[in-house]
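**Q** Please arrange chain B on chain A, whose structure you already have, making use of the hints.
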Amino acid sequence: GQQVMQIPQYQHVQEGEDFTTYCNSSTTLSNIQWYKQRPGGHPVFLIQLVKSGEVKKQKRLTFQFGEAKKNSSLHITATQTTDVGTYFCAALTGGGNKLTFGTGTQLKVEL
Amino acid sequence: NAGVTQTPKFQVLKTGQSMTLQCAQDMNHNSMYWYRQDPGMGLRLIYYSASEGTTDKGEVPNGYNVSRLNKREFSLRLESAAPSQTSVYFCASSLTGSATQYFGPGTRLLVL
Numbered sequence: 001g002q003q004v005m006q007i008p009q010y011q012h013v014q015e016g017e018d019f020t021t022y023c024n025s026s027t028t029l030s031n032i033q034w035y036k037q038r039p040g041g042h043p044v045f046l047i048q049l050v051k052s053g054e055v056k057k058q059k060r061l062t063f064q065f066g067e068a069k070k071n072s073s074l075h076i077t078a079t080q081t082t083d084v085g086t087y088f089c090a091a092l093t094g095g096g097n098k099l100t101f102g103t104g105t106q107l108k109v110e111l
Numbered sequence: 001n002a003g004v005t006q007t008p009k010f011q012v013l014k015t016g017q018s019m020t021l022q023c024a025q026d027m028n029h030n031s032m033y034w035y036r037q038d039p040g041m042g043l044r045l046i047y048y049s050a051s052e053g054t055t056d057k058g059e060v061p062n063g064y065n066v067s068r069l070n071k072r073e074f075s076l077r078l079e080s081a082a083p084s085q086t087s088v089y090f091c092a093s094s095l096t097g098s099a100t101q102y103f104g105p106g107t108r109l110l111v112l
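Quick note, the sequences are listed as chains A and B, same order. Reading the first sequence from the start, the letters are residues 1 to 111 in the numbering used here. Reading the second sequence from the start, the letters are residues 1 to 112 in the numbering used here.
Okay, chain A solo, but in the shape it has when bound (with noise of 0.2 Å):
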């Protein structure tokens, strides 16, 4: 079945730095989307890339959809505390709204 790469699996980071998160597809994708999942909590959904290129920024995060919408990425400037969790891709595989997820980058922020 469709596979999803994503790297890195952990980050840790100082609070100011910049985070970024990337999502890799061997086909092309359909759209993606991405959650966010806090320590102990449930994945929530963030956005959804449908458009080749397409960038769009959710006020710190900015999300990227590959020209040839085989991956993407999510980039947090200045991290701060309150960003600590796991971030998802998802894709949508074969027919229906069924998601492929990657397997996350967890996110570490030190004071």
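None of these hints come from the bench; they were simulated from the model. From the three backbone atoms N, C-alpha and C, an ideal C-beta is built for every residue, glycine too. One thing to keep in mind: the hints can contain errors.
[As the list claims (entries may be wrong)] No farther apart than 27 Å at their CA atoms in a straight line, the calculated lysine-lysine pairs in the BS3-like style are these:
| id | chain 1 | residue 1 | chain 2 | residue 2 |
| --- | --- | --- | --- | --- |
| 1 | A | K57 | A | K108 |
| 2 | A | K70 | A | K59 |
| 3 | B | K9 | A | K36 |
| 4 | B | K57 | B | K71 |
| 5 | A | K36 | A | K108 |
| 6 | B | K57 | A | K36 |
| 7 | A | K108 | A | K56 |
| 8 | A | K70 | A | K56 |
| 9 | A | K108 | B | K9 |
| 10 | A | K70 | B | K9 |
| 11 | B | K71 | B | K14 |
| 12 | A | K57 | A | K36 |
[Said to hold, decoys possible] One-sided and incomplete, this derived list gives chain B residues near chain A with beta-carbon spacing under 7 Å:
| id | residue |
| --- | --- |
| 13 | T7 |
| 14 | F10 |
| 15 | G42 |
| 16 | S94 |
| 17 | A99 |
| 18 | F103 |
| 19 | P105 |
| 20 | G106 |
[Said to hold, decoys possible] So these bits of chain A aren't anywhere near chain B, every CB distance computed over 10 Å:
| id | residue |
| --- | --- |
| 21 | G41 |
| 22 | K56 |
| 23 | R60 |
| 24 | Q80 |
| 25 | K98 |
| 26 | T103 |
| 27 | K108 |
**A** Leaving out everything else, chain B in the frame of chain A:
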């Protein structure tokens, strides 16, 4: 609006015991999903239901059964629990035509 609810929150089972995890949503969504989450493995789809009356296998269906009781409820059953089924189980739902999924709070299951 409670969104997606799951019961129980925590459960400890002995190997061979059975149990049913309950999930309900009040958002009038057609599609519902069951995932398991293990460290370093992300979220893996166990079963899903595109609409009331239909269910299909996901990536890791072995050892599980599901029932789409009505539009609101989607249950996951472990007939004979095994230690390999120790995990966190999430239920999710989505509207037809939208891939955005809304997750419940999860059930933490430990099989001894």
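**Q** For each hint, tell me whether it holds in the structure or not.
**A** For each hint, the structure was consulted:
1. Taking the CA atoms of K57/A and K108/A, the gap is about 21 Å. The hint holds against a cut of 27 Å.
2. Between the alpha carbons of K70/A and K59/A the distance comes to roughly 25 Å, so the proposed pair stays at or under 27 Å and holds.
3. A threshold of 27 Å between alpha carbons decides the hint, and for K9/B with K36/A the separation of about 20 Å falls inside it, so the pair holds.
4. Pair hint K57/B plus K71/B holds up; C-alpha atoms about 18 Å apart against a cutoff of 27 Å.
5. Proximity of K36/A to K108/A is assessed by CA-CA distance (about 13 Å); at most 27 Å being required, the pair is judged to hold.
6. In summary, the hint linking K57/B to K36/A is supported, as the alpha carbons are separated by about 25 Å, within the 27 Å threshold.
7. Taken as a hint, the K108/A and K56/A pair is honoured in the structure, with Cα atoms around 23 Å apart against an allowance of 27 Å.
8. Restraint check for K70/A and K56/A: the C-alpha separation of about 17 Å stays at or below 27 Å, so the hint holds.
9. Only pairs whose Cα atoms come within 27 Å are accepted, and K108/A paired with K9/B is accepted, the gap being roughly 26 Å.
10. Proposed proximity of K70/A and K9/B is contradicted: the alpha carbons are some 37 Å apart, above 27 Å.
11. Between K71/B and K14/B, the direct Cα distance comes to roughly 32 Å. Violation of the 27 Å bound is thereby established for this hinted pair.
12. A distance of roughly 15 Å separates the Cα atoms of K57/A and K36/A; the hinted pair therefore holds under the 27 Å criterion.
13. With a cut of 7 Å, the hint placing T7/B at the interface with chain A is violated, because the nearest CB-to-CB distance is about 14 Å.
14. Nearest Cβ of chain A to the Cβ of F10/B: about 12 Å, over the 7 Å cut. The hint is violated.
15. For G42/B, the suggested interface contact is upheld, since its CB lies about 4 Å from the closest CB of chain A, less than 7 Å.
16. Interface restraint check for S94/B: the shortest CB-CB distance to chain A comes to about 5 Å, inside 7 Å, so the restraint holds.
17. For the restraint placing A99/B at the interface with chain A, the shortest Cβ-Cβ distance is roughly 5 Å, inside the 7 Å limit, so the hint holds.
18. For F103/B, the interface hint holds, since its Cβ comes within 7 Å of a Cβ in chain A; the closest pair sits about 4 Å apart.
19. Here the hint on P105/B is kept, as its CB sits about 5 Å from the closest CB of chain A, short of 7 Å.
20. Given the 7 Å rule on beta carbons, the hint for G106/B holds: about 5 Å separates it from the nearest Cβ of chain A.
21. Separation of G41/A from chain B is inadequate, the least Cβ-Cβ distance of about 8 Å not exceeding the 10 Å criterion.
22. Here K56/A stays apart from chain B, with its beta-carbon at least about 14 Å from theirs, past the 10 Å limit.
23. With a minimum CB-CB distance of about 22 Å to chain B, R60/A clears the 10 Å threshold, and the non-interface call stands.
24. The beta carbon of Q80/A is kept farther than 10 Å from every beta carbon of chain B, the shortest such distance being approximately 23 Å.
25. A cut-off of 10 Å between C-beta atoms contradicts the statement that K98/A is not in contact with chain B; the least separation is 6 Å.
26. In this structure T103/A is not separated from chain B by more than 10 Å, as the shortest Cβ-Cβ distance comes to only about 4 Å.
27. At roughly 15 Å from the closest C-beta of chain B, the C-beta of K108/A stays outside 10 Å, upholding its exclusion from the interface.
The structure fails hints 10, 11, 13, 14, 21, 25 and 26 (numbered hints given earlier, in ascending order).
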